[in-house]
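**Q** Here is what each chain is made of, one letter per residue.
Protein chains: 2
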Amino acid sequence: MDILKKLLKKNETKLLLVVADGLGGAPHPNYGYRTELEVANKPNLDKLARHSVLGLTIPVEHGITPGSGPAHLSLFGYDPIEIQIGRGVLEALGIGFHLGPNDVAARGNFATIHDGVVVDRRAGRISSEECSRLIKKLSEHIKSIDGVEVILRPGKEHRFVAIFRGEGLSDKLSDADPQKDHMPLVEAKPLAAEASRTADVVNKFIRKANEILRDEPQANGVLLRGFAKSPKIEPFPEKYQLRAVALAVYPMYKGLTRLLGLETPDVGETFEDEVKALKELWNNYDFFYIHFKDTDKAGEDGDFELKVKKIEYFDKFVPVFVDLNPDVLVITGDHSTPAIIGGHSWHPNPTLLHSKVAGVDDARFFTEKECAKGYLGIFYAKYLINLMLANAGRLKKFGA
Amino acid sequence: MDILKKLLKKNETKLLLVVADGLGGAPHPNYGYRTELEVANKPNLDKLARHSVLGLTIPVEHGITPGSGPAHLSLFGYDPIEIQIGRGVLEALGIGFHLGPNDVAARGNFATIHDGVVVDRRAGRISSEECSRLIKKLSEHIKSIDGVEVILRPGKEHRFVAIFRGEGLSDKLSDADPQKDHMPLVEAKPLAAEASRTADVVNKFIRKANEILRDEPQANGVLLRGFAKSPKIEPFPEKYQLRAVALAVYPMYKGLTRLLGLETPDVGETFEDEVKALKELWNNYDFFYIHFKDTDKAGEDGDFELKVKKIEYFDKFVPVFVDLNPDVLVITGDHSTPAIIGGHSWHPNPTLLHSKVAGVDDARFFTEKECAKGYLGIFYAKYLINLMLANAGRLKKFGA
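Going down the list, the protein sequences come from chains Z and X. Using my numbering, the letters of the first sequence correspond one by one to residues 530 to 929. Using my numbering, the letters of the second sequence correspond one by one to residues 530 to 929.
FYI, nobody ran anything at the bench for these hints, they're computed from the structure. Note that this is a predicted model, so its numbers are computed, not measured. Hints should not be assumed to be uniformly reliable.
Stated by the list, open to error - Some chain Z residues well away from chain X (every beta-carbon gap over 12 Å; in silico):
hint, residue
1, His627
2, Pro719
3, Gly755
4, Trp811
5, Lys826
6, Lys838
As the list claims (entries may be wrong) - To spell it out: a stretch of chain X is covered by chain Z in this simulated footprint if at least three of its residues, at any positions, have a beta carbon under 8 Å from a beta carbon of chain Z; those stretches are:
hint, segment
7, 586-594
8, 606-614
9, 864-873
10, 901-908
As the list claims (entries may be wrong) - A few chain X residues facing chain Z, derived, Cβ under 10 Å:
hint, residue
11, Pro556
12, Tyr562
13, Pro599
14, Ala600
15, Leu602
16, Leu619
17, Glu620
18, Gly755
19, Pro877
20, Lys898
Every residue gets a Cβ at the ideal spot worked out from N, C-alpha and C, and that includes glycine.
Please construct the entire structure, taking both the sequences and the accompanying hints into account.
**A** And the structure:
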């Protein structure tokens with residue numbers, strides 16, 4: 530892939546990557562074994578499909594169901610197996626916390642502990658309000674451990690994020706979480722010599738927190754797992770020589786794209802706000818990523834009809850994208866989220882690429898089936914950016 | 530790929546690889562968004578398509594537009610990223626100059642220089658005759674530098690090739706060419722310790738040449754770039770255990786295939802001559818490569834209708850290929866050259882494979898669209914040779 534770097538050239542073209550999260554589906558017996566995309570009434574997407582080339586993209590590998598992290602890395606042209614974003618980092622991104630280079634982040638759980646045994650890893654799924662109260666209480670009593678700053682942020686229900694900030698910390702630690710109920714508490718263990726001080730700090734923090742929480746009825750202890758530092762990633766704007774902006778309202782996607790070096794302005798709270806910002810910022814960037822979350826949410830809930838409705842809602846914005854007249858327009862998903870599965874899946878992403886020189890195929894609808902027969906074929910999502918750059922005339926010839 | 534070597538077996542089969550250069554196209558708005566292959570009247574290709582399997586081959590990587598060098602390496606089963614042919618070597622191949630193991634070749638430009646600044650890198654695109662005159666003048670005055678033989682050959686207009694011949698020369702040199710007008714002259718710099726003597730020789734040559742050209746009105750200086758030695762390549766006939774011949778009239782393709790160890794007899798000046806030679810040599814070899822250039826030339830000129838005509842001309846020879854009754858017949862391109870782009874492109878190559886055991890698909894026409902839906906799918910061109918060998922019964926079973 531290093532050859533790409535030498536081939537890059539700049540021009541005035543505009544590239545628009547529209548990601549409908551969890552877009553791809555699977556046939557559902559209650560709907561005539563059709564998929565969400567096959568049932569949805571989406572005239573704009575279908576019309577565009579007739580003037581585009583279609584394909585299916587594999588986020589990571591055949592049969593691999595990706596989380597949002599690897600799925601997005603791939604979309605931006607990074608190898609999602611080579612570059613892995615740790616759980617702690619993803620949790621921090623998910624609450625909009627920007628990690629610095631000296632930070633080690635971990636996913637935290639409030640738990641119920643009796644006599645050194647974890648009896649409920651989720652502390653009865655305490656409310657988010659209760660979680661906030663407990664984080665406030667801990668934060669008031671614990672500012673730092675042995676000179677390492679401790680930053681705590683509440684999440685939903687029993688979840689929280691812990692950030693340890695200090696020079697020379699390492700994320701090479703085992704989880705301080707037995708992973709199952711009715712198991713004894715475990716300490717974080719250093720997985721490399723360089724991590725012994727960090728392990729010490731983390732374990733001291735846990736003992737101190739459990740001491741402070743001692744008299745809480747349910748959440749009388751904390752578990753930490755997924756210790757991680759921000760990965761070193763070559764920024765997308767440098768890697769591909771593109772002034773790039775991400776239009777996303779969910780913290781996770783803002784965080785992920787910020788991690789990749791895209792600009793992530795605050796654009797509001799809805800997809801409509803994102804689209805408005807897209808139009809306003811159209812002259813300021815070369816590459817635009819815009820993120821629609823609701824297809825994934827409906828799929829996660831296993832709600833086929835809601836996902837269909839969300840596709841139909843999304844469809845109404847397609848003319849806006851076309852009217853901006855981007856040199857390259859891609860509409861795709863990051864991963865599939867079929868309602869029948871009720872979660873992310875390994876099914877490849879329906880993908881549509883529109884440009885003046887993209888090629889042609891026989892697709893008449895934007896569905897999984899039509900994409901499977903498309904001119905782009907089935908390929909790894911990490912190569913999508915190559916095709917976008919090529920169609921934008923931003924790649925020189927390789928060799929003479 | 531090393532497994533292939535152990536699986537090779539010999540037999541009496543004949544493999545015919547027909548390459549229509551730059552064959553693939555892209556939809557053109559002036560022709561109903563059809564491609565050159567879709568517009569062309571090519572009954573023989575379409576008929577053969579109905580008795581063959583189709584697919585699309587990617588010369589290098591998704592989105593990468595290859596030069597002729599990488600595109601051809603791939604067709605012959607070499608990894609075009611692993612083996613790279615330097616610019617100087619390709620230029621030498623292009624004029625039919627055979628490089629020896631002690632040769633470093635460079636692409637040369639005659640340029641106009643004022644006070645050490647390159648004011649025109651192409652010296653006003655002097656005529657080819659003028660170029661020949663200047664090369665003769667230089668050759669008369671410069672035979673060698675510090676014991677290194679200097680060989681100069683004219684190219685088209687301002688272009689020429691310089692070959693430095695001597696023991697221990699290295700091609701690890703930076704370009705002695707500022708690459709842009711209105712920049713000061715630059716010297717070749719050694720990029721490795723072993724190249725310092727070569728850099729010295731090259732820079733002395735340039736100074737001497739510029740001295741000799743001092744009073745020329747336009748072409749009063751030379752620039753050299755793309756220093757390269759012939760890459761070390763395992764010869765194709767050994768790698769695949771095939772007695773192989775290349776039938777090509779353009780020097781570049783003769784040179785490329787000669788570099789790969791194919792025999793490259795002089796067959797004349799036209800495609801008809803190549804086809805005549807193919808018939809005459811049919812009993813003498815196992816593997817035949819035959820090259821049709823005109824589809825690429827028309828595409829490069831952005832001449833859609835001419836490319837259509839050239840496809841129609843090419844089509845008339847298809848029955849000859851079929852009548853030779855090869856055990857495996859492949860018709861494909863090396864890269865695409867859509868008229869609408871007016872140059873090489875990244876679009877995969879329409880590919881047709883015909884054999885008694887190749888399989889079947891629903892293709893009715895030999896077009897990009899039909900190939901996209903073909904039984905062979907979309908795959909890297911470097912695997913095409915595997916399929917040819919398999920269809921020829923020249924590969925044993927892998928494992929028990």
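**Q** Does each hint fit the structure? Answer for all of them.
**A** We went through each hint and held it up to the structure:
1. His627: Consistent with the label, His627 of chain Z stays out of reach of chain X, its closest Cβ about 32 Å off (over 12 Å).
2. Pro719: Since the minimum Cβ distance to chain X is about 40 Å, Pro719 of chain Z lies beyond 12 Å and the statement holds.
3. Gly755: Given that every Cβ of chain X is farther than 12 Å from that of Gly755 of chain Z, nearest at about 33 Å, it holds.
4. Trp811: Answer for Trp811 of chain Z: holds, closest chain X Cβ roughly 24 Å.
5. Lys826: Consistent with the label, Lys826 of chain Z stays out of reach of chain X, its closest Cβ about 31 Å off (over 12 Å).
6. Lys838: holds, 32 Å
7. 586-594: holds (count 6)
8. 606-614: Our answer is that it holds, as 4 residues pass the Cβ test (under 8 Å) against chain Z, meeting three.
9. 864-873: holds (count 5)
10. 901-908: This one holds; 4 residues, not fewer than the three required, reach chain Z with a Cβ under 8 Å.
11. Pro556: holds, 5 Å
12. Tyr562: Given a least distance of 7 Å, the restraint on Tyr562 of chain X holds.
13. Pro599: holds, 4 Å
14. Ala600: holds, 8 Å
15. Leu602: holds, 9 Å
16. Leu619: Given a least distance of 5 Å, the restraint on Leu619 of chain X holds.
17. Glu620: The hint holds - Glu620 of chain X has a Cβ within 10 Å of chain Z, the shortest such distance being about 8 Å.
18. Gly755: With a closest approach of 8 Å, the Gly755 of chain X hint holds.
19. Pro877: holds, 8 Å
20. Lys898: Holds - the Cβ of Lys898 of chain X comes within 10 Å of chain Z, reaching about 6 Å at its closest.
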